Amino acid sequence: MTKEVMEYDVVIVGGGPSGLSSAIKLKQLNPEINVCVLEKASEIGAHILSGNVFETRALDELIPNWKELENPIKTKVTKEKFLFLGKNKSISWPTWLLPKVQQNHNNYIISLANLCRWLAEQAEKLGVEIFPGFPASEILYDNDGSVKGVATQDMGIDKDGNKKDSFESGIELHAKVTIFAEGCRGHLGKQLINKFELDKGKNPQQYGIGLKEIWEIDEKHHEEGLVMHTAGWPLDNNTYGGSFMYHAENKQIFLGYVIGLDYKNPHLSPFDEFQRFKTHPSIKKYIKGGKRISYGARALIEGGIQSLPKMYMPGALLIGCDAGTLNMPKIKGSHTAMKSGMIAAETIVEHFRDNKSLSIYEEKFNKSWVHKELHQARNVKPSFNWGLILGIIFTGIDQILFRGKLPFTLKHKHADHEALMPAEKMPKIDYPKPDNIITFDKTSSVYLTGTNHTDNQPVHLHLKDPELPIKYNLEKYDEAAQRYCPAGVYEVQMENNINKFVINSQNCIHCKTCDIKEPSQNINWVTPEGGGGPKYGNM
Amino acid sequence: MKILVAVKRVIDYNVQIRVKEDNSGIVTDNVKMSTNPPDDNAIEEAVRIKESGKAKEIVAITIGEDKAQETVRKALAVGADRGIHVKTEGIVEPLAVSKILKAIVEKEKPDLVFMGKQAIDDDCNQTGQMLAALLNWPQATFASKIEVKDKSLEVTREVDEGLETIEVKIPAIVTCDLRLNEPRYASLPNIMKAKKKPLDQMSATDLGVDTKPRIEQIKVEEPPKRKAGIKVANVAELVNKLKNEAKVI
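Chains as they are written, first to last, in the working numbering: chain A, 175 to 713; chain B, 1199 to 1447.
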């Protein structure tokens, strides 16, 4: 059956900061261009999860009068702390000794989800058509091999692939230019990178997993505007990661943990490390007597400029963290994602007007402040391959003394999925049981995400080899999927003395960690039925 | 035949409800809202009746703040012909809703009024019944099957004892159960078309309805937490505990 076709000048896949900034910029530059944004979440913002300490540089350029408008950017950073954690102790590091990129005055503590909702309102006022609940599930190509658009997912397919009574065919959206802005490890972006070899000559991409909770805490422990980061415990010297705690408005704190997905120990569980971290006296004192109100997790990009793929191809652009524009030492990606989207808009306007090739994206990007930032930041993450202590010493030299201008570039040598060591060679980790006050299990956590996928639909986590989890991963890695998934999607269950690999896909919070970390790249994340996944509020 | 369908904007059924710290109500900021699920069944049934040629027009109505219009737009995207939004602020109790609907019924003169059997936020299950009383129309509540006859409806109702089939004369009020049908998805082209369908706006005052609450809400509390279970060593201990601690046997 042929699908219905709708034509646009520009179709944007993904309603996050980069896609929405791109849409707004396009309309500002030329209101005649018709622009459509597809979003897989049930509403804009419902799949957005981020720290977030926001640098307004890109927003200042995009909407210069944003301060005069009703907006969700309220809490200015007023105080900063950086702690090195030992098991029970902590050492406070003076913030004036932090690299400049890690200093946050002039920045704001925000909910990125709410910022996206606000950007969507601005975009709609300019005439952008936004369709939440419609995942782009397929890339469409023209006969000459260029990208012609995307198709949205069919709705109402049962778990065996048959059409239900409620079946509603997806449609084809054709565009002169398609912008892919799916965020980290977009499932279409991944296909484009392979097909057009966009990562040729680049280092393998590096990822992290970020876990976040929102707590409502006791007034006397709450300091609106306080930004605190930690390194050290509970991670060992060889595992890259750290925490954040941002004191937002309404007595809320945004508490989170980021762990590099290049960790080696298959027994490690990022979720449980985060839970354990909260029991440290320096952290517990804030949340004691408080209430956890939200939970979520999302993979993020850590590769920086060395791993940044080419961002243009015939008929399409790849922007934000779908390519990988996050600035790791700054621990920020929203402003760079937004800027990459704005550059995409400028490129497309010139492409339409002067018939210029989309390859001018690269020139524009390389001249922009995003490139400068990422270039200065490039050596920080790879230096942590030498461990936390050497990494910090090197970062101090690189960032404070040389401001990122050392005349060499360190490389990322391995992809994250190659990092796991065999289970028998690595120490088991004994995680404490949740107390349901400070620490929790995965089930009650996923409950807070509001995650749901319509019953009776095909599993959206595809195994290339369905036997591999039990036949290979279980013995070699004690099937690490049981632990790297922050939502308890993967389980190994014993049934009649036979191990069975179970995928609870309805729990999936769309973080993409499995797609990244599975050692044989055996798991392929595809879009489930529209509107499925988490329903994050102010994450 | 003309069908009026009432739809309500409520907190999405997947969202965990949180009570405000001062117990004055529930948290609605930063919370995903959507159409009350059985209202989707009501719209779907109206659209199916129209598709079978037995109805000519479907009017979707919602009552609430500006954002409630989203629910009407969704109804328009799955097949309603036009929409009405009656603007109100704060809590609107079932009686006020019924009075507003009565005023709209007198204006629009529909043959049938459909709505969900109850809203999942306050679980009142009163509006349809009150509207039937105010209009002095027959009512069929908890409908899980509707058959349109010449000048009546044959309605199967979900009741405690099982299923009950009744016949009501048209005009009538029907409140819909989740088992009535499986609501369709709004397709992308239909969402676009829905943006162009007419949506009239008015306020409760325009209709001469006073929406001031008649009930004073004193406080809202979370249900008590369930205590953790324990493991017993053997049957004897279990029986002992059931007898002496729980005192259930």
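Source of the hints: derived by calculation from the structure; they are not laboratory data.
Remember, it's a predicted structure, so these values are computed and weren't measured experimentally.
Every residue, glycine too, gets a C-beta built ideally from N, C-alpha and C.
Errors might be hidden in some of the hints.
Said to hold, decoys possible - Beyond 12 Å from chain A on every Cβ pair, some chain B residues (computed):
| hint | residue |
| --- | --- |
| 1 | Asp1227 |
| 2 | Leu1293 |
| 3 | Lys1367 |
| 4 | Asn1379 |
| 5 | Leu1405 |
To be verified - In the SDA-like style, the derived pairs of lysine to any residue whose C-alpha atoms are separated by at most 25 Å in a straight line are:
| hint | chain 1 | residue 1 | chain 2 | residue 2 |
| --- | --- | --- | --- | --- |
| 6 | B | Lys1307 | B | Ala1392 |
| 7 | B | Lys1305 | B | Met1400 |
| 8 | B | Lys1252 | A | Asp339 |
| 9 | A | Lys465 | B | Val1225 |
| 10 | B | Lys1391 | A | Ser618 |
| 11 | B | Lys1218 | A | Ser618 |
| 12 | B | Lys1391 | A | Phe341 |
| 13 | B | Lys1254 | B | Ser1385 |
| 14 | B | Lys1391 | B | Glu1352 |
How the hints compare with the structure:
The claim that Asp1227 (chain B) lies off the interface is violated: its Cβ sits roughly 8 Å from the closest Cβ of chain A, which falls inside the 12 Å cut-off. A cut-off of 12 Å between C-beta atoms confirms that Leu1293 (chain B) is not in contact with chain A; the least separation is 31 Å. The claim that Lys1367 (chain B) is not at the interface with chain A holds, since no C-beta of that chain comes within 12 Å of its own (minimum 31 Å). A cut-off of 12 Å between C-beta atoms contradicts the statement that Asn1379 (chain B) is not in contact with chain A; the least separation is 9 Å.
The non-interface label for Leu1405 (chain B) is consistent with chain A: the shortest C-beta to C-beta separation is roughly 30 Å, beyond 12 Å. A threshold of 25 Å between alpha carbons decides the hint, and for Lys1307 (chain B) with Ala1392 (chain B) the separation of about 23 Å falls inside it, so the pair holds. Under the criterion of a C-alpha separation no larger than 25 Å, the hint pairing Lys1305 (chain B) with Met1400 (chain B) is consistent with the structure, at around 13 Å. With a C-alpha separation of about 21 Å, the suggested pair Lys1252 (chain B) and Asp339 (chain A) falls inside the 25 Å cut-off, and the hint holds.
A distance of roughly 14 Å separates the Cα atoms of Lys465 (chain A) and Val1225 (chain B); the hinted pair therefore holds under the 25 Å criterion. Pair hint Lys1391 (chain B) plus Ser618 (chain A) does not hold up; C-alpha atoms about 41 Å apart against a cutoff of 25 Å. For a cut-off of 25 Å, the pair hint linking Lys1218 (chain B) to Ser618 (chain A) stands: about 20 Å separates their Cα positions. Only pairs whose Cα atoms come within 25 Å are accepted, and Lys1391 (chain B) paired with Phe341 (chain A) is accepted, the gap being roughly 19 Å.
Proposed proximity of Lys1254 (chain B) and Ser1385 (chain B) is supported: the alpha carbons are some 22 Å apart, at most 25 Å. The hinted pair formed by Lys1391 (chain B) and Glu1352 (chain B) fails the criterion: a straight-line CA distance of about 33 Å is larger than 25 Å.
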